[in-house]
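J.: Sequence:
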Amino acid sequence: MTPVHALPDAVVALLRVADADTLLRDADALAETLADTGWAPEVESGRFSAAGWDVVSSAWPPNLSVFRDGELSDVRRDALAIAETLNAEPQRWAFDTEGPDWSGWNADDPRWDDEQIDWLEWRGRGVVVQLFTAPEAQIGPDALPPHLHLAIEREDSPPEGLPRDAARDRRVAADGSVVERWFLVGESDLPDDLLAALGADPDQRVSAAAASELRMRAGGFDDPTG
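Numbering follows my numbering, with no gaps: position 90 of the sequence shown is 90.
Source of the hints: derived by calculation from the structure; they are not laboratory data.
Note that the Cβ used here is the ideal one computed from N, Cα and C, for glycine as well.
It cannot be assumed that every hint is accurate.
Claimed, not checked - Label-pair distances were calculated between CB atoms; the ranges are:
| id | residue 1 | residue 2 | range |
| --- | --- | --- | --- |
| 1 | A167 | P202 | 21 to 29 Å |
| 2 | D74 | S177 | 13 to 21 Å |
| 3 | S188 | D113 | 44 to 52 Å |
| 4 | P8 | P163 | 33 to 41 Å |
| 5 | G70 | P110 | 19 to 27 Å |
| 6 | P141 | A88 | 39 to 47 Å |
| 7 | A88 | D114 | 25 to 33 Å |
| 8 | G70 | A167 | 37 to 45 Å |
| 9 | V43 | D74 | 37 to 45 Å |
| 10 | A197 | D113 | 45 to 53 Å |
| 11 | E89 | R215 | 39 to 47 Å |
| 12 | P159 | E89 | 45 to 53 Å |
| 13 | D175 | D113 | 27 to 35 Å |
| 14 | D165 | E89 | 32 to 40 Å |
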């Protein structure tokens, strides 16, 4: 089923391959599948983009979040098109939400403003897909634009994520694939000495990502995801 509002090909293709054995198997599978579905890697670790949409991903455990901001009506139409695409395969996806089911609304439905909007959730093929949209919001001195957030994670991932594994980090830095090392650069709480070692990695993709991460830690520029 083709949604009335057309999504970028890369988004549709990503939804098609969202499962634990292909997309979220491991670091290499995650990067390869994103590339195969039309997402271009950025310099920063775990980041990809396509048609003005952005992916922030991690390999520990494998997961990703898709972000899109813009005019409120456009963001809502895109979110509704994603929901429609997923709901078109009830044999694959089990749907749930703790709030109103806004997947069948129009972009200008007054209930967007009257109801407390919550995540929509789909489960299938070993993954959990969550979708959320929000209007412009003031976060401290900054305004967060209207946006949608599409999250895809393994169903067997612990809610709090995996604990930091220092021995695993050093094994990946020393012997992991280029893709594994590139993802490692962006892991939270990575020790400064290990990040510095990755900055001297022989592969330019890894060293450039490490340099970018070091600049962010030093406050050289703002992280666009906050």
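J.: For a quick check of understanding: which of the numbered hints are violated here, in increasing order?
T.: 2, 3, 9, 12 and 13
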